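6 protein chains.
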Amino acid sequence: MSVAESDLRLPPPLVEKAVGEALAEDWGEAGDITTVATITPDATASGAIVARKPGVVAGLQVAEAAFRALDENVSFKVLIRDGERVEAGQKIARVAGNARALLTAERVALNFLGHMSGIATLTRTYVEKISGTRAKIIDTRKTTPGLRIFEKLAVRAGGGLNHRFGLFDAILIKDNHIIAAGGIGAALNKARERAGHVVKVEIEVATLEQLSEALAHNAEAVLLDNMPVATLKEAVAEVAGRAITEASGGVSLETVRGIAETGVDLISVGALTHSAPVLDIGLDFDQGR
Amino acid sequence: MSVAESDLRLPPPLVEKAVGEALAEDWGEAGDITTVATITPDATASGAIVARKPGVVAGLQVAEAAFRALDENVSFKVLIRDGERVEAGQKIARVAGNARALLTAERVALNFLGHMSGIATLTRTYVEKISGTRAKIIDTRKTTPGLRIFEKLAVRAGGGLNHRFGLFDAILIKDNHIIAAGGIGAALNKARERAGHVVKVEIEVATLEQLSEALAHNAEAVLLDNMPVATLKEAVAEVAGRAITEASGGVSLETVRGIAETGVDLISVGALTHSAPVLDIGLDFDQGR
Amino acid sequence: MSVAESDLRLPPPLVEKAVGEALAEDWGEAGDITTVATITPDATASGAIVARKPGVVAGLQVAEAAFRALDENVSFKVLIRDGERVEAGQKIARVAGNARALLTAERVALNFLGHMSGIATLTRTYVEKISGTRAKIIDTRKTTPGLRIFEKLAVRAGGGLNHRFGLFDAILIKDNHIIAAGGIGAALNKARERAGHVVKVEIEVATLEQLSEALAHNAEAVLLDNMPVATLKEAVAEVAGRAITEASGGVSLETVRGIAETGVDLISVGALTHSAPVLDIGLDFDQGR
Amino acid sequence: MSVAESDLRLPPPLVEKAVGEALAEDWGEAGDITTVATITPDATASGAIVARKPGVVAGLQVAEAAFRALDENVSFKVLIRDGERVEAGQKIARVAGNARALLTAERVALNFLGHMSGIATLTRTYVEKISGTRAKIIDTRKTTPGLRIFEKLAVRAGGGLNHRFGLFDAILIKDNHIIAAGGIGAALNKARERAGHVVKVEIEVATLEQLSEALAHNAEAVLLDNMPVATLKEAVAEVAGRAITEASGGVSLETVRGIAETGVDLISVGALTHSAPVLDIGLDFDQGR
Amino acid sequence: MSVAESDLRLPPPLVEKAVGEALAEDWGEAGDITTVATITPDATASGAIVARKPGVVAGLQVAEAAFRALDENVSFKVLIRDGERVEAGQKIARVAGNARALLTAERVALNFLGHMSGIATLTRTYVEKISGTRAKIIDTRKTTPGLRIFEKLAVRAGGGLNHRFGLFDAILIKDNHIIAAGGIGAALNKARERAGHVVKVEIEVATLEQLSEALAHNAEAVLLDNMPVATLKEAVAEVAGRAITEASGGVSLETVRGIAETGVDLISVGALTHSAPVLDIGLDFDQGR
Amino acid sequence: MSVAESDLRLPPPLVEKAVGEALAEDWGEAGDITTVATITPDATASGAIVARKPGVVAGLQVAEAAFRALDENVSFKVLIRDGERVEAGQKIARVAGNARALLTAERVALNFLGHMSGIATLTRTYVEKISGTRAKIIDTRKTTPGLRIFEKLAVRAGGGLNHRFGLFDAILIKDNHIIAAGGIGAALNKARERAGHVVKVEIEVATLEQLSEALAHNAEAVLLDNMPVATLKEAVAEVAGRAITEASGGVSLETVRGIAETGVDLISVGALTHSAPVLDIGLDFDQGR
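Protein chains in written order, with my numbering: chain X, 1 to 289; chain Y, 1 to 289; chain A, 1 to 289; chain E, 1 to 289; chain R, 1 to 289; chain W, 1 to 289.
Quick caveat, the hints were computed from the structure, so don't treat them as lab data. Among these hints, one or two may not hold up.
Stated by the list, open to error - Partial pick of chain Y residues on the chain E-facing surface, computed with a CB cut under 8 angstroms:
{"hint": "1", "residue": "9"}
{"hint": "2", "residue": "11"}
{"hint": "3", "residue": "76"}
{"hint": "4", "residue": "168"}
{"hint": "5", "residue": "206"}
{"hint": "6", "residue": "284"}
To be verified - Derived lysine-lysine pairs resembling DSSO-like cross-links, with alpha carbons at most 30 angstroms apart:
{"hint": "7", "chain 1": "R", "residue 1": "174", "chain 2": "W", "residue 2": "17"}
{"hint": "8", "chain 1": "A", "residue 1": "129", "chain 2": "E", "residue 2": "53"}
{"hint": "9", "chain 1": "W", "residue 1": "53", "chain 2": "R", "residue 2": "233"}
{"hint": "10", "chain 1": "R", "residue 1": "17", "chain 2": "W", "residue 2": "17"}
{"hint": "11", "chain 1": "X", "residue 1": "17", "chain 2": "R", "residue 2": "17"}
{"hint": "12", "chain 1": "Y", "residue 1": "17", "chain 2": "Y", "residue 2": "129"}
{"hint": "13", "chain 1": "W", "residue 1": "53", "chain 2": "E", "residue 2": "17"}
{"hint": "14", "chain 1": "Y", "residue 1": "200", "chain 2": "A", "residue 2": "136"}
{"hint": "15", "chain 1": "Y", "residue 1": "200", "chain 2": "A", "residue 2": "233"}
{"hint": "16", "chain 1": "X", "residue 1": "129", "chain 2": "Y", "residue 2": "53"}
{"hint": "17", "chain 1": "E", "residue 1": "136", "chain 2": "W", "residue 2": "17"}
{"hint": "18", "chain 1": "W", "residue 1": "77", "chain 2": "R", "residue 2": "174"}
{"hint": "19", "chain 1": "R", "residue 1": "233", "chain 2": "E", "residue 2": "17"}
{"hint": "20", "chain 1": "E", "residue 1": "136", "chain 2": "A", "residue 2": "53"}
{"hint": "21", "chain 1": "X", "residue 1": "17", "chain 2": "W", "residue 2": "136"}
{"hint": "22", "chain 1": "W", "residue 1": "136", "chain 2": "E", "residue 2": "174"}
{"hint": "23", "chain 1": "A", "residue 1": "53", "chain 2": "E", "residue 2": "174"}
{"hint": "24", "chain 1": "A", "residue 1": "17", "chain 2": "A", "residue 2": "77"}
{"hint": "25", "chain 1": "R", "residue 1": "129", "chain 2": "W", "residue 2": "53"}
Since the structure is predicted, the reported quantities are computational estimates derived from the model, not experimental observations. The beta carbon of each residue, even a glycine, is placed where N, CA and C say it ideally should be.
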């Protein structure tokens with residue numbers, strides 16, 4: 001998998017902020033009363049972060065930051081990197097340091113790691129389903145509130161691409177915009193007039209008639225919404241390279257290959273970020289210390 | 001379903017804070033450039049929030065707050081309340097107000113609503129699987145970072161109960177604590193000595209031997225981890241009412257009824273919050289305005 | 001005094017946040033104009049943190065953090081630890097580093113240290129008053145807004161125990177709840193039904209009749225409010241070990257021993273956190289440098 | 001008492017921020033589990049805020065904001081205003097509204113009100129002790145971290161004046177500055193050179209020799225630290241109106257009148273803010289509703 | 001001037017946050033001591049916001065929010081709207097309400113209004129200089145830290161367009177990127193491979209040779225950096241519509257028309273946001289009240 | 001120039017906060033997509049911060065912090081210090097480290113440095129214009145929202161003095177206060193009565209009559225607003241050392257020397273902070289690496 005490792009690092013302040021908030025959510029005011037009650041403050045421990053199921057790893061930077069937030073001397077040794085496959089029972093990383101820090105940070109670290117690895121794993125499955133076609137798997141803005149940059153990183157770790165990050169970095173005219181703006185032509189004209197010169201204009205169309213109207217008004221990308229495979233094929237032919245084509249809606253592991261074979265450029269899959277089950281990952285302390 | 005509506009409201013400031021952060025995540029610095037470009041500032045619109053699939057609703061308070069954050073005069077009329085079932089195609093709520101506000105807030109509102117309703121729906125399925133037994137479905141701390149109070153509300157909407165909210169409101173001694181503390185007895189003794197008088201002490205055990213040791217040290221609740229059904233039955237008999245029993249690990253829709261029939265008090269299911277697929281919910285603007 | 005040192009450390013991020021906010025309160029926008037005007041930026045200084053009156057120390061972690069926030073190379077040597085007694089004139093710690101940093105942080109460090117040591121000192125006095133009885137001194141939620149975790153730590157340093165940390169970690173049904181809920185039985189029934197399995201239910205009662213009703217509804221702990229000593233004795237006899245007993249209200253240094261001798265488990269004292277005078281502590285710079 | 005009411009209001013955003021943080025401290029993540037469990041969401045209640053002991057009221061704006069934060073329709077009727085005396089058993093305010101909101105906000109409201117009224121009460125006692133003299137009672141920077149503006153307001157409610165609000169709004173050269181700067185003359189010269197033209201320079205002196213040196217270097221105010229009454233008298237004579245005189249250190253209710261009679265302009269009392277016991281104030285719900 | 005009013009409104013929460021922070025910067029901890037000392041709390045006042053010099057107005061939404069933050073009942077009547085010209089001495093708005101609120105908010109309101117109007121005024125001058133050409137005036141990321149969205153709005157009010165809002169919404173490969181990436185071709189190839197499908201790729205070139213290389217690698221927009229007018233003309237001819245052309249560097253009011261006449265699409269001017277002098281605007285209270 | 005270097009350092013936490021917010025403004029959610037796309041994560045680079053125009057430097061601490069925020073190992077070598085002159089083309093500092101960090105932080109670092117150096121440069125010009133007179137150049141509260149402490153530092157770097165930092169650290173009664181308070185005498189009396197003993201009272205007067213009234217009421221400083229030079233001379237004679245004199249209004253590089261020669265103590269210049277053009281400063285990467 002040619003996932004560039006450089007795309008899988010986030011600016012440390014963003015990671016530390018998210019980790020700090022998650023730890024605060026878990027501590028509340030009173031802190032980790034179990035650990036304080038049962039573990040002496042200077043005890044040390046070590047253990048392995050282990051996959052219980054096979055999948056693709058994502059989120060190690062965040063997991064490491066969670067442990068480091070509580071003990072800056074924690075050692076965190078990565079064995080399987082973000083974007084790589086892991087088998088059930090395989091160790092992803094080894095961790096060692098202050099026992100209280102490890103225990104208090106464990107759940108936050110694993111919640112991020114499992115969630116992000118779940119997304120990477122599901123993305124990889126989609127990507128492999130369409131291997132050999134020209135289409136790319138791409139995510140959506142249907143992300144979990146507060147976690148978008150982490151989920152979009154996980155999609156990249158899985159081999160997918162990112163659609164826009166928010167409302168701010170692209171113009172995507174959807175059905176409700178068209179209704180409120182008074183039609184496809186009106187919406188595209190207004191958008192092109194106001195759009196910055198570095199921003200492309202994409203529009204959602206549900207029928208071939210709408211597609212023709214969008215192309216007639218110089219849409220730079222078209223989101224082909226919920227079209228049957230046969231219609232998608234016609235749409236791709238109609239576009240004929242004049243715009244980027246994105247298939248969206250009704251995409252599942254069963255349907256994705258058929259969609260890809262229509263020749264579309266992109267297939268956007270909301271499920272990558274809104275419905276991926278967690279990858280089951282645990283922390284096993286070393287015994288016999 | 002006797003879900004008390006009063007448990008399904010959150011303090012408004014917490015909701016507004018979460019909604020505000022989610023909107024900021026989506027706006028970035030530049031805002032909703034599509035909507036500003038295509039919709040006039042005074043345009044109004046109305047529409048319905050519609051379930052595309054059947055399920056149980058949760059999160060309406062949050063969805064309403066998202067629209068209200070952008071236009072305090074938005075009208076939001078609830079048709080199906082939190083904790084109630086919705087059929088595919090059925091309208092959950094009607095919304096009307098400033099068109100820009102509706103369009104800009106739409107995704108944040110739906111991301112919360114879909115995520116929370118997905119959790120409520122999965123919880124309801126588990127709850128129904130074990131109907132007639134004495135067991136209760138309960139959640140875990142395996143939640144999405146930053147969203148715990150919303151996810152725990154959704155579990156209640158689905159008919160489940162909440163386990164502790166964080167590290168701060170109960171003592172739950174897990175396997176790694178036992179290792180680091182030097183055994184079950186040591187851990188329970190230390191915990192009981194330090195625990196506040198209003199906090200109960202629960203401990204995770206994986207075998208009947210560990211269970212006996214825990215009971216001998218007056219555990220008030222026992223988490224029976226990953227035990228086969230036959231062992232669970234023996235464990236329940238061994239406990240004989242001296243402690244609350246919680247089955248955990250390896251719980252699925254296939255296995256949950258068998259587990260419930262062993263007589264345990266509680267069955268904790270991490271999947272409720274970490275692996276529930278979204279409930280597909282959309283916003284359909286009214287046409288012909 | 002068997003105060004476990006491990007209970008007297010707070011997670012560093014919480015300490016740094018509180019210290020940072022207190023420093024910001026003192027700096028305002030313009031900073032320490034006295035120190036900038038009178039001290040050269042590279043000057044160094046050293047000095048001792050000295051108790052002007054006898055007492056029990058608490059808050060050294062916070063004081064150290066205040067100095068460190070302004071000069072991470074400040075040396076801070078603890079001579080008397082949290083939870084230990086100090087005599088008038090005795091040095092608690094020695095500090096050395098950048099002179100501007102020491103001067104600017106001095107007041108914040110001493111404000112925390114004096115406030116927390118004042119609480120520890122008063123707590124110790126109460127604890128010693130009841131030595132030999134089975135009762136424990138415990139704090140309340142009558143804390144100074146924003147400082148609860150620091151004040152609860154100071155209570156532990158003084159040898160007291162902590163009651164619940166907030167509204168979130170225990171159910172304590174008070175007089176106004178009983179009025180609003182429609183009676184003791186109704187309140188207890190509702191509470192038990194909704195309470196998580198790891199949370200105990202405590203209820204406030206003011207008379208023996210109320211106590212009987214509470215016990216009849218399986219209260220797990222009872223707060224005996226403002227009862228005369230004779231009534232307290234009857235109440236303890238009536239409870240007979242079926243619930244934890246907490247005496248509250250009208251507790252002073254004069255009355256506390258009599259209350260303790262009634263056989264109650266806990267005596268809660270709001271004054272520990274809301275009315276403890278500061279322990280007078282100063283910073284004396286070394287002369288002749 | 002001619003306390004101007006206009007000095008006893010704070011900008012609403014500052015009050016709301018402090019109240020919001022105090023509520024969050026009390027809610028934690030899980031909220032007020034007692035109230036949610038025992039009170040129906042639409043129940044209403046009313047009651048009186050009642051002084052259990054006599055004193056001077058301060059903090060009603062904050063208390064009202066605490067209730068309003070949870071129910072913007074709460075009615076809050078002030079009966080005794082900030083700066084006015086209250087007798088034991090007298091009602092300070094009446095409150096009515098959503099029962100849950102009242103119960104959840106009660107402790108935060110009372111913690112602020114009791115703390116601030118305690119300060120106002122102690123300040124009033126000092127002020128009355130010196131009535132008829134020309135001296136004024138003034139506070140210090142020995143305040144509780146995070147609460148300075150509230151405590152300084154309470155001092156004004158008690159009839160005292162405020163010294164500087166922080167390090168930023170005046171130059172006060174203290175003993176440690178003098179040591180680090182190399183003497184009184186050096187410190188005053190540097191300070192005067194750098195001080196803004198709207199800022200006065202005050203310096204702490206402990207002896208008459210230091211005082212002479214300070215006056216020789218044009219100190220605009222002198223803090224006479226820990227001087228016996230006889231020395232204070234000499235100091236006032238020496239100053240002879242050339243600078244403002246402030247007595248500080250060793251001030252108690254026993255000593256304050258003697259100090260005032262020396263003719264000093266100001267007497268600063270750290271105890272006003274760091275050692276005032278709370279004024280005992282409760283909330284009594286109306287029965288029989 | 002056809003400035004669409006709809007582009008000159010910001011989401012209220014963003015405005016309120018910026019205004020709140022600016023007010024806090026001005027209040028510090030101690031607040032507006034002048035106004036509290038001299039004005040009674042219930043006094044009302046009215047006045048006019050008046051331009052002392054001619055210019056183009058921008059920032060009225062922010063100015064209004066500053067007054068409203070302190071008195072939600074302030075009346076604020078706009079006479080000259082954002083994007084419109086104002087003459088020296090002309091009234092821009094009338095304001096009336098609580099006198100303290102008006103006085104305390106005045107400076108923050110005017111600081112925003114003067115700064116933003118200064119930018120709008122300078123932008124308008126540039127825009128008028130090139131009227132009749134096909135070029136558009138566009139801003140840069142050379143903005144004042146913390147104020148970018150306000151400054152970009154002011155540019156629009158002046159009749160200019162906005163370039164990207166930050167590092168996040170477009171790819172603009174600059175000289176230092178080219179050096180670090182190993183050349184124009186390498187940089188463009190990498191950028192195109194990684195860029196989202198809705199993001200355009202722009203590159204900075206300083207010579208016609210670099211321009212050719214950029215076009216050969218399918219740059220979608222080219223920033224022609226610091227080219228003499230003659231070279232710019234050649235560059236525009238060379239591009240021949242294959243990419244958007246942006247002239248940048250060395251643009252002044254003297255040179256801008258010559259640059260525009262070369263046929264470039266866009267002229268970016270850093271001075272709009274980093275060097276526009278304030279438009280002098282004051283608040284005159286009505287006399288004789 | 002005798003600018004004390006010690007006045008040109010800010011507390012690191014304030015700098016880091018401002019830098020962090022400016023970086024966040026530039027990153028948005030999606031980060032620096034250009035740099036991530038074109039530069040490998042481990043690439044290093046070096047370069048020089050170079051003045052394109054002559055001026056006075058200010059803001060190096062902030063610029064360094066911007067680079068350090070993204071790579072704590074960045075080397076930053078200052079060649080020209082804050083408060084020193086730089087010629088066009090001269091290197092101000094050298095920087096080396098991770099290439100991505102340098103590229104991503106570049107604009108934030110330069111925006112601060114250029115803005116602050118622009119202010120220092122303009123201040124220096126004013127200061128030199130009045131050399132030999134007794135007057136001092138002083139700033140105002142007409143600063144850019146959010147940047148006051150940085151702009152006031154830049155004024156000091158340019159050789160100017162700072163007026164009050166905000167509403168909180170001095171009493172300055174302006175025209176609108178006088179109107180609302182009912183006259184000069186009333187305003188001064190109220191102010192003196194309420195002002196803390198360490199705060200001076202300054203008042204704005206526009207005529208000699210007002211000046212007389214202000215002096216009669218013991219103003220400690222007078223702001224002589226918009227007076228012609230001849231009137232200023234009369235005013236200075238009238239004051240005769242009884243108060244500090246500050247000339248304000250209509251001050252430009254053309255008029256400032258004449259104003260200074262009237263004998264006023266201070267000349268306040270709003271333009272220093274609200275209208276200083278940026279000093280053009282760039283970052284040139286080293287080639288041939």
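Legend entry - Hint check against the structure, violated hint numbers in rising order: 3, 5, 6, 12, 13, 17, 19, 21
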